[in-house]
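Colleague: So the sequences go chain by chain: A and B.
Counting from 1, position 98 in the first sequence corresponds to residue 98 in my numbering; the numbering is continuous, with no gaps.
Add 1000 to the 1-based position in the second sequence for my numbering, that's all there is to it.
None of these hints come from the bench; they were simulated from the model.
Predicted, not measured: the structure shown is a model, and the values here were computed from it.
Every residue gets a Cβ at the ideal spot worked out from N, C-alpha and C, and that includes glycine.
Mixed in with the good hints, there may be bad ones.
[As the list claims (entries may be wrong)] Covered stretches of chain B (in silico footprint by chain A; criterion: 3 or more residues with CB under 8 angstroms from a CB of chain A, positions within the stretch not fixed): (1) 1028 to 1036; (2) 1133 to 1143; (3) 1184 to 1198.
[Unchecked claim] Footprint (simulated), chain B over chain A, 3 or more residues, beta carbon under 8 angstroms: (4) 4 to 10; (5) 23 to 33; (6) 146 to 155.
In case you want the letters, here they are:
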Amino acid sequence: MILKTLQLYRSYMNVSFRSQMQYRASFVLRSLGHFLVTGTEFLGFVALFQRFGQIQGWTLPQMGLFYGMISVPFATTEAVFRGFDTFPNLIKSGDFDRYLLRPRSTALQVLGQDFQLMRVGRFSQALIVLFWSAGRLNVDWSPGNITLLLGGIAGGACLFAGLFVLQATMCFWTTESLEILNCTTYGGVETAQFPVSIYRGWFRGIFTFVIPLATINYFPIHAILNIKDALGSTPLLQWLSPLAGVLFLLVCLQCWRVGVRRYTSTGS
Amino acid sequence: MKAYRAILVSRFLTLLQYRSAAIAGVGTQLFFGLVRVMIYDGFYRSSSSPQPMNVDQVTTYIWLGQAMLLLAMFDADKDVAAMIRTGNVAYEMTRPLDLYSVWFTRALSGRAAPLLMRSIPIFIVAGLFFGLKMPASISAAGLFVLSAFGGLLLAASLIALMTVCLLWTISGEGVNRLAAPMIFFFSGLVIPLPLFPDWIQRAIAVLPFRGLIDTPFRIYLGVLNGPSAAAALLHQIAWTAALVLAGRMLLNRGIRRLVVQGG
């Protein structure tokens, strides 16, 4: 069953890749555009660190690690979960009805709709920052630390995936897309590219407990850099925290199921 | 002139209908503004060395940037892009109107309406709760409105130029995709222009992009006043004129080589 699912997803991807590669020049330009958008933004931060030296004791390479650990999973999820991003169109056009008739899970079909390759622009930009920071920092890249880094990234991908699924799920109730939820995805990246400890208490609380972005970079990085957390987390919590992303995704998928069950077609 | 005014007004009124999109935009912009203000606050609390702007000025600059984001975040006119792709641009050329002026007018109204709808609520909310200060003086306020209008004209001339580039389909798309982030970066929205490294300040002063938002903002803050404000306004107007000229020339060349495929 799982094998069949994977096979199906692979053929979905094949179609998606091939159609995107029909306009190769356009694809390259768009990817480059994405690279530039986030790349120049990071250059802005470099300029700020040059002026101010540090932010609340954090240096540029340290911030780069936060940046990479949040942007790499975000770019990945943006590419893979694009189908959920455009899901409101399926609801409005009534095309979702057809998905319900097919003997496969709805989540898989929505997921298979699209894989946005051009997000490779943001992905590669974030990866460059991550590698640069990893090299500049005085960190022993032991297997344990690498595991924690990758775990944080994987947890982050799950967390963002959950947010995309949740945003799509809302459409079962509202039909319209709720753009304001972009504050949690795009805004979440903007927020968590810096250590959450620099923000005001209530704001930090939201991104630690409600949308647990702090669990995918803030806590693991304290273990990786082997420094004491000003917010008082213990090493055990720092090691386990990326799992919060996985948990978050599972909860969101459960919400999706509830949403599908109460779905009524727009009839158009 | 009457025809262009009609285009301007009708498109402006049409775009005013997109209120729910504007509300969502306002919410998102307020969020991003809040995050950025806290980040800058963090930077300023970490360093005591003197900076080109103080923290209150930066806070106001950021909120103005959130309110007037649309003056620096560009893409080419989507409707015109579709017309060029489908070949319908041929119809545009048969009208007894100057094509550049039509596209310029479209760009102008396409920016003005959403800008107005988004900026006013942000001004109010950020002014009441999040540290957006009042203009430095009454004359600064007046000059700010004037230079914001200048920024709008400059934005329209840039968008019109980007739209004209689309006549060269693939390379035009390339120009659009790559120019947009660069304009954004050098406008002052990514970080306030005064905080850029000193060695690049001279280039920034020459480039047209500071006229979009940075000039109005510095006037608002009272950093530019009297002669320096006049010079900045002149810089805006000169670049707008140059870009309009460039757009016109490019359009003439584009039309001469344009081949519309039937269908």
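Colleague: For each hint, tell me whether it holds in the structure or not.
Modeller: Do the hints match the structure? See the list:
1. 1028 to 1036: holds (count 6)
2. 1133 to 1143: Violated - the region 1133 to 1143 of chain B has 0 residues with a Cβ nearer than 8 angstroms to chain A, which falls short of three.
3. 1184 to 1198: holds (count 7)
4. 4 to 10: Not satisfied, violated; 0 residues make the cut.
5. 23 to 33: holds (count 6)
6. 146 to 155: Not satisfied, violated; 0 residues make the cut.
In summary, the structure is inconsistent with hints 2, 4 and 6 from the numbered list given earlier, while agreeing with the others.
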